[in-house]
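Please work from the sequences and hints to get the whole structure.
Position one of the sequence shown corresponds to residue 1 (my numbering), numbered consecutively onward.
Hints were generated in silico from the structure; no laboratory data involved.
What follows is a list of derived Cβ distance ranges for each label pair: (1) Arg-31 with Gly-78: 34 to 44 Å; (2) Arg-68 with Pro-7: 17 to 27 Å; (3) Arg-62 with Arg-23: 10 to 20 Å; (4) Arg-16 with Gly-53: 40 to 50 Å; (5) Pro-28 with Pro-92: 30 to 40 Å; (6) Ala-39 with Gly-90: 16 to 26 Å; (7) Asp-50 with Pro-100: 16 to 26 Å; (8) Arg-31 with Gly-90: 34 to 44 Å; (9) Thr-49 with Pro-7: 16 to 26 Å.
As the structure is a computational prediction, the values presented were derived from the model and not from experiment.
Backbone N, C-alpha and C define an ideal beta-carbon position, used for all residues, glycine too.
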Amino acid sequence: MTIETGPGVRVWWCGRGHACFPRRLVCPVCRDTGSSPRAAREGVVEEVTDAPGTGVRMVTVRLPEGPRLLGRVEAEAGPGDRLPLSAVPGVPGAVHVPDPHDRTTGTVGP
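Quick look at the structure:
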C-alpha cells in the first residue's frame, strides 16, 4: 500500500542537518542547540501492533530523514508500507502522530 501525500508532522532539524522528533533543546547527535521545524509528509511502516477487540492499530514509522515515530493508523498497514503522516487525528489513511508541543491537536506537552 502506498499513499503519496499527507498533511505532515513537524520534525525538528539542528543547524548541522540532524533530524529529531519530538523537539529537543540539544541535538542528540551533535549537541547543537539551535533547531528549526520542517514538515515530514510520509514514512515507512516498520512495525504494527493491533490491540485485539479495540480497533487500535499502533505503528512505528521510519522517516527518510532517520527518526522513528510512533503513531496510530486506522487503515490496513504492514511493514514496508509507505504512509502519509498527520499531526491531526482522523485524516483517512494517514498515521496520526501527535505533536507533544502543539496544544491545538489535543495533546498535552510542555
